[in-house]
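My request is simple: use the sequences and hints to build the entire structure.
Here's the letter readout for the chains.
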Amino acid sequence: MTEAMSETGERRDRKKTVKLRILRGVGGQTSPPHYDVYEVPREDGMVVLNAVHYIQSNLDPSLSVRWNCKAGRCGSCSAEINGRPQLMCKTRVDSIDGEITIEPMQAFPRLKDLVTDVTANWKVAAQIPPFTPKANAGDIFTFYQADVDRSREFRRCIECFLCMDVCHVIREHEADYIGPRWVVKAASLDMHPMDGLNRSKFMKETGGLGYCNITKCCQEICPEHIVITDDAIIPEKERVVDRHYDPLLWVYRHLKRNAEAEGM
Amino acid sequence: MWAPRKEVDRVDVNDRSYDERVTDVLIIGAGGAGLRAAIESHDRGAKTLVVCKSLLGKAHTVMAEGGIAAALGNVDPADSWEVHFSDTIVEGQHLSNWRMVEIFAKEAIERVYELEKYGAVFDRTPAGKISQRPFGAHTYRRLCNIGDRTGLELIRTLQDQLIARSVPFMDEVMITCLFRDPKTGRAAGAMGIDVKTGKLLLFRAKAVILATGGSGRVYQVTSNSYESTGDGIGMAYRAGAELMDMEMIQFHPTGMIYPPGVRGMLVTEAVRGEGGILTNSVGERFMSRYDPKRMELSARDVVARSIYTEIMAGRGSKGGGVYLDITQRGAEYIKRKLPSMYDQFMAFADIDITKDKMEVAPTVHYQMGGVRVNPETAESSVAGLYAAGEVASGLHGANRLGGNSLSDILVFGKRAGESAAKSVAAMDLPSVDGESIEKEISRVLSPFSTTGNANPFHIKEEIASNMWKHVGIVRNAADLEAGLIELEKLRDEAKGLKAVGERAYNQSWTDSLQVLDMLLVCEAIIGSALERKESRGAHTRSDFPSKDPKWLVNIVTSQIDGKMVRRTEPVPTPPEALLSLIKEDD
Numbered sequence: 554m555t556e557a558m559s560e561t562g563e564r565r566d567r568k569k570t571v572k573l574r575i576l577r578g579v580g581g582q583t584s585p586p587h588y589d590v591y592e593v594p595r596e597d598g599m600v601v602l603n604a605v606h607y608i609q610s611n612l613d614p615s616l617s618v619r620w621n622c623k624a625g626r627c628g629s630c631s632a633e634i635n636g637r638p639q640l641m642c643k644t645r646v647d648s649i650d651g652e653i654t655i656e657p658m659q660a661f662p663r664l665k666d667l668v669t670d671v672t673a674n675w676k677v678a679a680q681i682p683p684f685t686p687k688a689n690a691g692d693i694f695t696f697y698q699a700d701v702d703r704s705r706e707f708r709r710c711i712e713c714f715l716c717m718d719v720c721h722v723i724r725e726h727e728a729d730y731i732g733p734r735w736v737v738k739a740a741s742l743d744m745h746p747m748d749g750l751n752r753s754k755f756m757k758e759t760g761g762l763g764y765c766n767i768t769k770c771c772q773e774i775c776p777e778h779i780v781i782t783d784d785a786i787i788p789e790k791e792r793v794v795d796r797h798y799d800p801l802l803w804v805y806r807h808l809k810r811n812a813e814a815e816g817m
Numbered sequence: 025m026w027a028p029r030k031e032v033d034r035v036d037v038n039d040r041s042y043d044e045r046v047t048d049v050l051i052i053g054a055g056g057a058g059l060r061a062a063i064e065s066h067d068r069g070a071k072t073l074v075v076c077k078s079l080l081g082k083a084h085t086v087m088a089e090g091g092i093a094a095a096l097g098n099v100d101p102a103d104s105w106e107v108h109f110s111d112t113i114v115e116g117q118h119l120s121n122w123r124m125v126e127i128f129a130k131e132a133i134e135r136v137y138e139l140e141k142y143g144a145v146f147d148r149t150p151a152g153k154i155s156q157r158p159f160g161a162h163t164y165r166r167l168c169n170i171g172d173r174t175g176l177e178l179i180r181t182l183q184d185q186l187i188a189r190s191v192p193f194m195d196e197v198m199i200t201c202l203f204r205d206p207k208t209g210r211a212a213g214a215m216g217i218d219v220k221t222g223k224l225l226l227f228r229a230k231a232v233i234l235a236t237g238g239s240g241r242v243y244q245v246t247s248n249s250y251e252s253t254g255d256g257i258g259m260a261y262r263a264g265a266e267l268m269d270m271e272m273i274q275f276h277p278t279g280m281i282y283p284p285g286v287r288g289m290l291v292t293e294a295v296r297g298e299g300g301i302l303t304n305s306v307g308e309r310f311m312s313r314y315d316p317k318r319m320e321l322s323a324r325d326v327v328a329r330s331i332y333t334e335i336m337a338g339r340g341s342k343g344g345g346v347y348l349d350i351t352q353r354g355a356e357y358i359k360r361k362l363p364s365m366y367d368q369f370m371a372f373a374d375i376d377i378t379k380d381k382m383e384v385a386p387t388v389h390y391q392m393g394g395v396r397v398n399p400e401t402a403e404s405s406v407a408g409l410y411a412a413g414e415v416a417s418g419l420h421g422a423n424r425l426g427g428n429s430l431s432d433i434l435v436f437g438k439r440a441g442e443s444a445a446k447s448v449a450a451m452d453l454p455s456v457d458g459e460s461i462e463k464e465i466s467r468v469l470s471p472f473s474t475t476g477n478a479n480p481f482h483i484k485e486e487i488a489s490n491m492w493k494h495v496g497i498v499r500n501a502a503d504l505e506a507g508l509i510e511l512e513k514l515r516d517e518a519k520g521l522k523a524v525g526e527r528a529y530n531q532s533w534t535d536s537l538q539v540l541d542m543l544l545v546c547e548a549i550i551g552s553a554l555e556r557k558e559s560r561g562a563h564t565r566s567d568f569p570s571k572d573p574k575w576l577v578n579i580v581t582s583q584i585d586g587k588m589v590r591r592t593e594p595v596p597t598p599p600e601a602l603l604s605l606i607k608e609d610d
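The listed protein sequences derive, respectively, from chains A and B. Going by the working numbering, the first residue of the first sequence is number 554, and it counts up by one from there. Going by the working numbering, the first residue of the second sequence is number 25, and it counts up by one from there.
Because the hints were derived from the structure by calculation, they are not lab data.
One side only, chain A facing chain B, incomplete, derived with CB under 8 angstroms:
1. Met599
2. Ser617
3. Ser629
4. Val671
5. Thr695
6. Tyr697
Reference listing, derived: stretches of chain A covered by chain B, where coverage requires no fewer than 3 residues with Cβ under 8 angstroms from a Cβ of chain B:
7. 618–627
8. 662–670
9. 681–692
10. 709–721
Computed cross-link-like contacts, PhoX-like style, restricted to lysine-lysine with a CA-CA straight-line distance of at most 20 angstroms:
11. Lys317(B) / Lys607(B)
12. Lys519(B) / Lys463(B)
13. Lys676(A) / Lys220(B)
14. Lys379(B) / Lys359(B)
15. Lys141(B) / Lys687(A)
16. Lys522(B) / Lys223(B)
17. Lys153(B) / Lys141(B)
18. Lys687(A) / Lys153(B)
19. Lys687(A) / Lys754(A)
The beta carbon of each residue, even a glycine, is placed where N, CA and C say it ideally should be.
Encoded structure:
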């Protein structure tokens, strides 16, 4: 159980040490970032964050790494490991053959070494219309487990921002798109059984939902296995379409508005 | 929307300048207690600022799994705040402050419904009400839960409320000391570091709320996050506030033991709540020897001690723990009720808990002691300084019940926010004297100029291994004294703590600064543990194995003339009406 076995039952090459290449550099510094290479003793069940901690403690105390729970729950230690956005605390060293390259998330400005500045997310979060209970929700809510299960998936998000890192719209275009994490947030509110708002106008006009062209990269790397594109982004897009592009509904709403205006 | 990427300004290593922020209420910490306090303070019209050491939303609250205890009576209609009151007092071994427990048991109910109105989505009963699950030593099914992610939902919900209200906050700011007005003695602000850039910050405020959590990281094997290093307790003590019940450290019965890198990671009590069975190496369901009535769902101190006893008696598992088995529940049930546990064991240990037993051993989980507070207002012995949540003391006595801390942080977070906001109305800004500021700046920057060569990461490890070795589940005078001697050596070593590199996001620097408070917290824990010559709740002395009514006292720790001193105070007796509610089990 403790030894890594390949499918044929052969023991993998278990070298005593593992080599890590880490991208180093300070934000605002003129000299370009560079890679430092370290060799770290392997341990049973070791994760990449353990190896980085070993470097920080024993080889180079100036190395910076953001972390907190070390249990895959808080979403602090996001990085690109051999090019793939992952949590360092959940990536086993024995799952990677050969050298391990660790780089900070490229979608966010670098602060230092593996640490990036993700604070811009809070400004985006502040624009999403918040949870607003329906008028008839009552003082103590009544709703059912089936309603809970519908939005539970979105509420597992640990805000590691790996989906934002892998999103090519955010990464390359600096477009006015809120990004996968924030579509998931909007979806969690829209599917809240007691929420009374419709966020489709926001998603269309401010959220820039149209920028997403459904490459599904975000849902592939989500460490919480949230099916971001299929379960959150596409339904949100459908809501926008229903609201703004359905010709029958448009006529119906137009007439209803006129009727209401006359009735007043 | 995504402003053009701007690199951060670089701060010179010797830069003594600081940015100044002025607010009415300064809240330190953004876990459940800090966020709930911020909402309350803001809603009551006080200018509020939240600072926290990690990123917003990453505080240790996020790790809470099982649920939030409140006597809604949705599943067991016989439940009431009175029974919750009694359970909390009895399992706290009568060291709790009765008034705090009364407020807690009553207000937990409103706080849960309020959290739901804020947008939290709890699991439901068939009738569409908030569902409640059984948990250790709660008489009734009382824990409102959100799968096994209750803490995540709680913190996210409150974080959304904070953002929706546009309450100002600064994350990744580490506070290094508290200031008091030299004339009035009232809390007046704090010094801090913007961790992202390394810039120094001065906060001036009319009231300060500590919501900094506990200090599990002073132990080697712990379920606690990186940031739980006891800063709040240390800085409150340094500012002259009294601490209480510092000897009371909760060992959670079930932490992972393998692989080494995850040792101490929590295995939620919900595994036992859902029917998990504990066995030893000879296959006995050993809890029948220690608590035949409640078995695996006995109080945490009892289960932790039982596991420890089994291991010490040579009946431990291969890896040095005991076995925890939930396989009889079947794969479908386990994956639905305990999804995070299933993932955790698969990801880290290659163990499928639907097919195999887990190996577990106790892990340091929670600190019942902390800053002594007024039960009504959450104010410490320093005027204008408040404390709520794990950093405070008085609610949980000698042992905390599972689920009681999530309700604790909401009830007393709200109370602290309310009292702080009320206290600042029509008040002038207290003053901070320039000399204290300059002194603190010199102290904070000293790791960059020291001639010493001490490695902060190594000293933190040594502190933690000393506590694990000498101040564990079962204590005795000789071990505790050895722990104190070792602590003095570490204190000496820590004088030469050295920071390496730039100011921006420098953990050799910030970790160096955490060491002082870790040492103070350890000194307070060991001193109080030596003082309490009996065994009660989480505090077990092999040289004083029984509970002694003469120790029905709280041990209060404070600083006099730069020295740590202790005194005992009798636990206040509840009024007759409340006394009659308390139902002893045995």
